[in-house]
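S.K.: As a plain string of letters, each chain reads:
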Amino acid sequence: KNQVEQSPQSLIILEGKNCTLQCNYTVSPFSNLRWYKQDTGRGPVSLTIMTFSENTKSNGRYTATLDADTKQSSLHITASQLSDSASYICVVSGFNAGNNRKLIWGLGTSLAVNP
Amino acid sequence: EPEVTQTPSHQVTQMGQEVILRCVPISNHLYFYWYRQILGQKVEFLVSFYNNEISEKSEIFDDQFSVERPDGSNFTLKIRSTKLEDSAMYFCATLRDRGTDTQYFGPGTRLTVL
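One line per chain: the protein sequences are H and A, in this order.
For any residue, its number in my numbering is found by taking its place in the first sequence, counting from 1, and adding 10.
For any residue, its number in my numbering is found by taking its place in the second sequence, counting from 1, and adding 7.
Hint data in this document are derived by calculation from the structure and do not stem from the laboratory.
Every residue gets a Cβ at the ideal spot worked out from N, C-alpha and C, and that includes glycine.
One or more of the hints may lead you astray.
Unchecked claim - Computed Cβ-Cβ distance ranges for the label pairs, DEER-style:
1) 70(A) - 26(H): 44 to 54 Å
2) 24(A) - 61(H): 18 to 28 Å
3) 119(A) - 15(H): 27 to 37 Å
4) 77(H) - 66(A): 43 to 53 Å
5) 88(H) - 79(A): 36 to 46 Å
6) 65(H) - 22(A): 20 to 30 Å
Claimed, not checked - Chain H is faced by these chain A residues, among others (derived, beta-carbon under 8 Å):
7) 95
8) 109
9) 112
Hey, can you work out the whole structure from these sequences and the hints?
M.R.: And the structure:
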């Protein structure tokens, strides 16, 4: 069954600290993996997208890694800011039985950055 | 930067009533999607729309749901007879082309069914 599991479910860190969020998936066949940031009451915003051949991708203070062999990804946030408080969602793109692209969404990690 | 807009931001309705949620896609985008997110749960795919027809829909998207792009601008989701369990955030997303593969999400409409 295609699934995306994220950990931790929630995280509280102090402003300025780093943190790493985890994503494990069982989606097959795999197309790409995305990380989204979703502020409370807002739509998700894409942070990174990685294909099978990419191991790491950065977007400012956000760095995503992908290990396609172990089917794991991480999102590292450096020097956190108060505005980083949000839900971070891992989304894996695969294909369904009809060969149509399908997005499998994780539940997200809720990050709170405190002053 | 161009963005997807949605109206209304919040809709309260009585069970059994019809609602129409509206989305204005980014102007040169060709693929349109509706998702919903029940409070505390995962984002769920509802339907995708391309070239004025549905290209894929989930099992959630039953006969109570319909989509259209009546004037070539707005992309609408209609729920014919709302149920309590339809209460959720509804997000519209648009995509320029399959090659870019990055969907842009609107801010969402919070639907509350009483």
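S.K.: Please list, smallest to largest, the hint numbers that this structure does not respect.
M.R.: Checked against the structure, the hints that fail are numbers 2, 4, 6, 7, while the rest are satisfied.
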